Amino acid sequence: MPTQSPNIEPRQTAPILLISIGIVAVGLLLFVMNLCFGSVSIPMKEIGAAVFGGEGSTYRAIILDYRLPQAITALLVGIGLSVSGLLMQTLFRNPLADPSLLGISSGSSLGVALVILLGTATGLSVNTLSLWSTFGVTVAAFVGAFAVLLLILALSSRLRSMVSLVLVGIMIAYIAGSVTDILKFFSQKEGLHSFVIWGMGSFSNVSKAQLPFFAIAVVAGAVASFLLFKTLNLLLLGERYAENLGVNIRRSSMLIILASGFLTALITAFCGPIAFLGLAVPHIARFLFKSSDHKLLIPASAFIGMDLALFCNLIARLPSFEGNLPINSVTALIGAPIVLWVIFHRQKVLK
Amino acid sequence: MNEVLHTTNLLIGYKGQALMPEINVSLNEGDIVALAGPNGSGKTTLFKTLSASIKSVDGEISLFGKKLQDYHPSERSSLFSLVLTEKPDDLFLKVFDIVAAGRYPHLGLLARLKTEDEQIIYDSLETVGIGHLTNRNFVSLSDGEQQKVMIAKALVQDTPLIFMDEPAAFLDYPSKIELVNIMHKLSREKKKTILFSSHDLDLLLRHADVMWVVAPHQPLRQGTPKELVEQGIIDDYFKPIIAKEEFFWMNSK
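Protein chains in written order, with this note's numbering: chain F, 1 to 351; chain L, 1001 to 1253.
Rather than coming from a laboratory, the hints here were simulated on the basis of the structure. Please read all numbers here as calculations on a predicted model, not as lab measurements. Glycine included, every Cβ here is placed at the ideal spot set by N, Cα and C. Be careful, since some hints might not be right.
With a Cα cut of at most 30 Å, we get these calculated DSSO-like pairs of lysine-lysine [unchecked claim]:
(1) K1190(L) x K1226(L)
(2) K1114(L) x K1176(L)
(3) K1066(L) x K1048(L)
(4) K1015(L) x K1048(L)
(5) K1087(L) x K1185(L)
(6) K1176(L) x K1191(L)
(7) K1114(L) x K290(F)
(8) K295(F) x K1114(L)
(9) K1067(L) x K1048(L)
(10) K348(F) x K1185(L)
(11) K1015(L) x K1239(L)
(12) K1087(L) x K348(F)
(13) K1087(L) x K290(F)
(14) K208(F) x K290(F)
(15) K1114(L) x K1239(L)
(16) K1087(L) x K1114(L)
(17) K295(F) x K1087(L)
(18) K1087(L) x K1226(L)
Just a few of them, taken from the derived set where beta-carbon distance is under 7 Å, the chain F residues facing chain L [to be verified]:
(19) R11
(20) E190
(21) R240
(22) R286
The following block holds chain F by itself, in its conformation from the complex (with noise of 0.2 Å):
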């Protein structure tokens, strides 16, 4: 400890070490929830019998090849959104941007729209070339996410404002969104009909083969993401402080983006457009720690994003309902009075 005068009040930080604790038991417990509840309940004890031991019972089946890859999927794309969501609010200085704020997620829209829409036209049915398909889907919103965020990287070095960029980023989804309903109107009954419900989101179009990549994938990008906290808590000063504190913003800029786009773009293209996490859970970790140091908020928000993640999953398949509900209706219903809750938190912290 420094030596200090009486006058001086020392620093002070939330319990850390207790709420961090407490994140990763509750990530735990969701998780073994997240295994065992479903239209099948299977109890607790059979969990570690049916994952470690007998083949072939009905319970390993549904926990192997079901339950666990949902569920890992779920806490990925938790990290990912969350992290990505940070970085989006971080940089443009704007407490309710999310991951989908620069068009991102539009682009990979339509990528899919083209390809389950065109291919519905020309007579190659989704239904009937499922695994075909499947494939066809993830690289048709990869593609198109891909090719928002070089197009935005591309502009980013033209532009001199954040606001101009993100008004670009608003006008590309605008004009993705319109080609997509324009695909909309010429589509078959089938064709929409499968577009609708890759709308809706989903954490178990990862396949067990796809798995291992996508978690790479998203780790590599959280982690890309953390090396960048300096930049960000620099930023938080003002582009101009931040500058003179030796930050190159327009380098600096490119680097968020990526990194935040980067991860939008992988999850969308796996789980199709999933809204609000990547909203909400940078606001719960900033109040739970009380702070807003990005070397404590990209990990907070990545294991936040993941035990918030495996809830959305679980609520949206209670074991009373029959099948899963849409994700996105799942998050939108948590993630929307977290939101609300900001706004009028904020209103009476600024006052």
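Guided by the hints, dock chain L onto chain F, whose structure is given.
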């Protein structure tokens, strides 16, 4: 006296368009220099040019004997620090965190604060008189307190030169006096060189060692406040403002 900065035939402005004739001025170590002039006279442009936020139209700025543009941006952060009118607005940003951010150029990859860094942060908070605000949220502070936080941030950055843009702009009178006291303390005790801009004539005349006076399309004039008053330059350059204030006084009687 050691020279900190000087300009040679410096032309400032935007898009190749100069705002005023060539500027030849210098800053000496430990000086409090006021950049004074009515609003719209090019103060901010000169300020931004000297702090490397924008490029000059022509001429040269020499900082510690080397051209300003020849420094790498990361080198600049240990030569001069800023106190600006724009304020951080993040709700959870703590006083300690803002001041600690000023220490970043001195820290390693993971920005881990060593005991000596923490000591420097606490000392700076005490120097500007806000040691009791360590854990407060920045947005909950008064304008005067926020200004002191930003000065503490500049102090931990540990630069010989500090630029302050309109530091008195939003302050009430007692806060202005405190600000002036802090500036004197930094200059006399810590040998900091301070360039501050202001359109507050009273503050400038009382407390600057040297003044740089600007007005639209007029040459910049450098001198002590006394010299500039005696030469009638203050009257000339501030005429629009003085006229406006007299008008205000007449109407308020």
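Right, here's what the structure says about each hint:
1. At roughly 25 Å between alpha-carbon atoms, K1190(L) and K1226(L) fall within 30 Å of each other, so this suggested pair holds.
2. Between K1114(L) and K1176(L) the CA atoms are separated by roughly 34 Å; this puts the pair beyond 30 Å, and the hint is violated.
3. For the hint pairing K1066(L) with K1048(L), the CA-to-CA distance comes to about 18 Å; that is within 30 Å, so the pair holds.
4. For the hint linking K1015(L) to K1048(L), the alpha-carbon distance of about 14 Å falls within 30 Å, and the restraint holds.
5. Restraint check for K1087(L) and K1185(L): satisfied, since their Cα atoms lie roughly 24 Å apart, inside the 30 Å limit.
6. For a cut-off of 30 Å, the pair hint linking K1176(L) to K1191(L) stands: about 21 Å separates their Cα positions.
7. For the suggested pair K1114(L) and K290(F), the alpha carbons sit about 22 Å apart, so the restraint of at most 30 Å is met.
8. Restraint check for K295(F) and K1114(L): the C-alpha separation of about 16 Å stays at or below 30 Å, so the hint holds.
9. For the given pair, K1067(L) sits about 16 Å from K1048(L) by alpha-carbon distance, which is consistent with the 30 Å threshold.
10. About 37 Å separates the Cα atoms of K348(F) and K1185(L), which puts this hinted pair outside 30 Å; it is violated.
11. Simply put, K1015(L) and K1239(L) have alpha-carbon atoms about 29 Å apart, close enough for the 30 Å limit, and the pair holds.
12. Annotation: proposed proximity of K1087(L) to K348(F) holds, straight-line Cα distance about 19 Å (limit 30 Å).
13. For the given pair, K1087(L) sits about 20 Å from K290(F) by alpha-carbon distance, which is consistent with the 30 Å threshold.
14. Between the alpha carbons of K208(F) and K290(F) the distance comes to roughly 38 Å, so the proposed pair goes past 30 Å and is violated.
15. Restraint check for K1114(L) and K1239(L): the C-alpha separation of about 53 Å exceeds 30 Å, so the hint is violated.
16. Distance hint between K1087(L) and K1114(L) is fulfilled; the C-alpha atoms sit about 27 Å from each other, no more than 30 Å.
17. Distance restraint check for K295(F) and K1087(L): the Cα-Cα separation of roughly 22 Å lies within the 30 Å cut-off, and the hinted pair is therefore satisfied.
18. Straight-line distance between C-alpha atoms of K1087(L) and K1226(L) comes to about 34 Å, which puts the hinted pair past the 30 Å bound.
19. With a cut of 7 Å, the hint placing R11(F) at the interface with chain L holds, because the nearest CB-to-CB distance is about 5 Å.
20. Because the smallest distance between the Cβ of E190(F) and any Cβ of chain L comes to about 48 Å, over 7 Å, the interface hint for this residue is violated.
21. Checking R240(F) against chain L by beta carbon gives a least distance of about 6 Å; that is within 7 Å, so the hint holds.
22. Residue-level restraint check for R286(F) holds (minimum Cβ-Cβ distance to chain L is 5 Å; threshold 7 Å).
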